[in-house]
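Enquirer: Using the sequences and the hints given, assemble the complete structure.
One line per chain: the protein sequences are A and B, in this order. Once you know that position 70 of the first sequence is 70 in the numbering used here, the rest is easy, because the numbers rise by one and skip nothing. Once you know that position 199 of the second sequence is 199 in the numbering used here, the rest is easy, because the numbers rise by one and skip nothing.
Keep in mind the hints are simulated off the structure, nothing from the lab. On a predicted model such as this, the values are computed, not experimentally measured, just so you know. Take these hints with a grain of salt, some might be off.
Taking lysine to any residue pairs in the SDA-like style, the calculated list, with each CA pair at most 25 Å apart, reads [stated by the list, open to error]:
| # | chain 1 | residue 1 | chain 2 | residue 2 |
| --- | --- | --- | --- | --- |
| 1 | A | K66 | B | I113 |
| 2 | A | K121 | B | P61 |
| 3 | B | K172 | A | L261 |
| 4 | A | K121 | B | N65 |
| 5 | A | K121 | B | L67 |
| 6 | A | K186 | B | P78 |
| 7 | B | K172 | A | V167 |
| 8 | A | K66 | B | E258 |
| 9 | A | K49 | A | Q83 |
| 10 | A | K242 | B | R157 |
| 11 | B | K121 | A | L290 |
| 12 | B | K121 | A | T70 |
| 13 | B | K121 | A | I264 |
| 14 | A | K172 | B | G22 |
| 15 | B | K66 | A | Y254 |
| 16 | A | K121 | B | L64 |
| 17 | B | K186 | A | Y254 |
| 18 | B | K121 | A | L120 |
| 19 | B | K66 | A | L250 |
| 20 | B | K202 | A | R157 |
| 21 | A | K66 | B | K172 |
| 22 | A | K202 | B | N65 |
| 23 | B | K66 | A | G253 |
| 24 | B | K79 | A | Y254 |
| 25 | A | K66 | B | S189 |
| 26 | A | K121 | A | N262 |
| 27 | A | K66 | B | F240 |
| 28 | B | K66 | A | N256 |
| 29 | B | K49 | B | L67 |
| 30 | A | K172 | B | A160 |
| 31 | B | K172 | A | Y259 |
| 32 | B | K121 | A | L64 |
| 33 | B | K272 | B | F240 |
| 34 | B | K93 | B | A160 |
| 35 | B | K66 | A | I264 |
| 36 | B | K172 | A | L290 |
Number of protein chains: 2
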Amino acid sequence: MLIGGIEAGGTKFVYGVANENGDILERLICPTEKPEITLKTVYDYFASKNISSLGIGSFGPIDLNKLSDTYGYITTTPKPYWQNTNLVGAFSKLNIPIAFDTDVNGAALAESIWGASAGLKNSVYITVGTGIGGGIISEGNIVHGMLHPEIGHMLIRIHAEDDFEGVCPFHKDCLEGMASGPSFNKRWSLRGENQELPENHKAWDFEAYYLAQALVNIILTLMPEKIILGGGIMNEKHLFPKIRACVVSLLSGYLNSEYILNEIDSYIVEPKLGNNAGLLGAISLGKNIL
Amino acid sequence: MLIGGIEAGGTKFVYGVANENGDILERLICPTEKPEITLKTVYDYFASKNISSLGIGSFGPIDLNKLSDTYGYITTTPKPYWQNTNLVGAFSKLNIPIAFDTDVNGAALAESIWGASAGLKNSVYITVGTGIGGGIISEGNIVHGMLHPEIGHMLIRIHAEDDFEGVCPFHKDCLEGMASGPSFNKRWSLRGENQELPENHKAWDFEAYYLAQALVNIILTLMPEKIILGGGIMNEKHLFPKIRACVVSLLSGYLNSEYILNEIDSYIVEPKLGNNAGLLGAISLGKNIL
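Expert: Written out as structure tokens, the structure is:
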């Protein structure tokens with residue numbers, strides 16, 4: 001059985017087919033041009049494949065409400081030509097089940113099937129880059145609620161030594177405003193610092209402090225069995241021990257959990273799916289509706 | 001069909017039977033004496049009833065891990081005689097399915113079946129009293145994760161005018177440390193203020209600010225369709241509009257959701273089940289495993 005997947009990104013579409021075990025059999029890339037061009041290229045590909053289902057993990061904002069007239073659409077994106085684009089509808093003629101979700105929900109699901117949280121019913125995947133986003137698997141289900149998680153905008157305490165005002169256009173100093181890539185770059189370039197900051201620079205203490213607070217609040221809300229941190233900023237691997245230490249410190253011994261007390265190194269971890277995370281995310285969504 | 005329920009509290013046990021519609025047919029109360037006395041009283045009652053299942057909503061801490069040797073136990077409570085008490089085991093001779101959970105998870109479930117969040121798959125019930133606890137229904141399931149939510153210990157920003165250090169023995173100034181009943185009483189009695197504080201006292205602004213922050217972080221994580229606030233402190237009904245206004249203000253227009261923009265009065269609400277919430281919580285747990 002073949003499953004199709006589309007990682008719909010703002011600069012490129014990655015698509016292909018895999019078997020049920022997540023073995024990718026074909027993987028293609030095309031640039032994100034106008035929808036009529038890109039979606040035709042991708043449609044034509046899948047029309048020639050005998051896939052049982054299709055998963056789409058998309059950049060946003062997207063409409064995930066199945067009762068909505070614009071379910072399956074990319075909605076108010078600043079990306080030229082892509083506002084109000086019916087992504088799911090472009091593939092309806094395939095006459096197969098189509099799953100549609102955020103890219104980060106796809107990544108969270110794929111990691112929980114084939115990756116770092118494989119076999120666990122409760123896990124969280126967080127990407128820290130241009131934005132901060134999270135996908136949550138709780139009791140075996142992707143959490144949507146009335147929309148989808150927006151953990152990037154959580155409220156955090158500001159570090160006593162940090163006088164940066166933050167870059168979030170809505171909240172200034174929410175998590176994304178203080179710990180995203182653009183926040184990081186603006187804060188330190190404003191101060192005339194080289195952006196290749198050494199590992200002992202306080203920039204990383206601030207970063208770890210903000211991310212750790214979000215993790216603590218997520219732990220206390222969802223009690224996940226594993227937290228996976230990905231995205232560009234997390235390529236700074238020395239952040240992991242800093243974040244782990246800060247989580248343990250902020251919890252102050254409250255949670256008498258072996259995961260946290262004795263296994264923090266395997267509790268807060270890197271993703272396992274690497275460069276294929278996006279495509280496997282889409283494929284896991286496709287697998288999930290079969 | 002009859003369902004049995006036990007609300008196991010530190011001062012009294014409330015127990016009885018209901019039908020599947022949550023109509024309570026019998027409701028009894030006995031004081032929480034030594035386990036061998038209280039549990040025998042309750043066991044003898046149910047042994048004479050033809051119930052199909054039994055739900056127990058208990059004070060904590062309790063062991064909810066079904067793989068654990070002490071699943072179904074009240075564990076390290078300071079309550080005399082009740083440490084390491086096998087609550088579920090005391091009813092095993094009934095030979096019926098027994099559901100066991102926290103009292104607040106039971107209340108969250110009951111509200112989602114018969115109460116303020118009836119029919120919704122995503123809701124949160126928070127009790128604000130001696131402690132602050134939360135029960136979460138996400139995608140139709142009670143959220144346990146590796147334990148159960150402990151939202152009372154979330155990290156919050158301290159109000160600029162509040163110099164109270166907080167009462168949490170672990171974190172000092174977490175949510176429970178700054179907004180629970182004991183925190184409230186200690187802060188204002190230290191200041192020589194009468195505990196009957198007028199509605200325009202800044203005490204309520206602090207309280208609303210702290211609770212609203214927790215709600216905002218919960219909204220951004222779980223996107224619930226309804227938030228229910230109960231517990232002793234929420235009997236101060238004037239807190240509801242203050243909390244709603246503060247949630248809207250803290251979100252700063254970020255979430256383009258009708259629930260929050262236009263329906264905040266029916267989004268953050270009082271419980272509906274009143275004095276029967278605890279018993280109906282237990283009964284809903286019992287119904288849930290049938």
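Enquirer: With reference to the structure, classify each hint as holding or not holding.
Expert: Status of each hint after checking the structure:
no. : hint            : in the structure
1   : A/K66 / B/I113  : 23 Å, holds
2   : A/K121 / B/P61  : 23 Å, holds
3   : B/K172 / A/L261 : 20 Å, holds
4   : A/K121 / B/N65  : 14 Å, holds
5   : A/K121 / B/L67  : 15 Å, holds
6   : A/K186 / B/P78  : 51 Å, violated
7   : B/K172 / A/V167 : 30 Å, violated
8   : A/K66 / B/E258  : 16 Å, holds
9   : A/K49 / A/Q83   : 29 Å, violated
10  : A/K242 / B/R157 : 22 Å, holds
11  : B/K121 / A/L290 : 22 Å, holds
12  : B/K121 / A/T70  : 22 Å, holds
13  : B/K121 / A/I264 : 32 Å, violated
14  : A/K172 / B/G22  : 47 Å, violated
15  : B/K66 / A/Y254  : 22 Å, holds
16  : A/K121 / B/L64  : 15 Å, holds
17  : B/K186 / A/Y254 : 22 Å, holds
18  : B/K121 / A/L120 : 22 Å, holds
19  : B/K66 / A/L250  : 29 Å, violated
20  : B/K202 / A/R157 : 21 Å, holds
21  : A/K66 / B/K172  : 44 Å, violated
22  : A/K202 / B/N65  : 40 Å, violated
23  : B/K66 / A/G253  : 24 Å, holds
24  : B/K79 / A/Y254  : 19 Å, holds
25  : A/K66 / B/S189  : 52 Å, violated
26  : A/K121 / A/N262 : 20 Å, holds
27  : A/K66 / B/F240  : 32 Å, violated
28  : B/K66 / A/N256  : 17 Å, holds
29  : B/K49 / B/L67   : 30 Å, violated
30  : A/K172 / B/A160 : 17 Å, holds
31  : B/K172 / A/Y259 : 24 Å, holds
32  : B/K121 / A/L64  : 15 Å, holds
33  : B/K272 / B/F240 : 15 Å, holds
34  : B/K93 / B/A160  : 57 Å, violated
35  : B/K66 / A/I264  : 23 Å, holds
36  : B/K172 / A/L290 : 49 Å, violated
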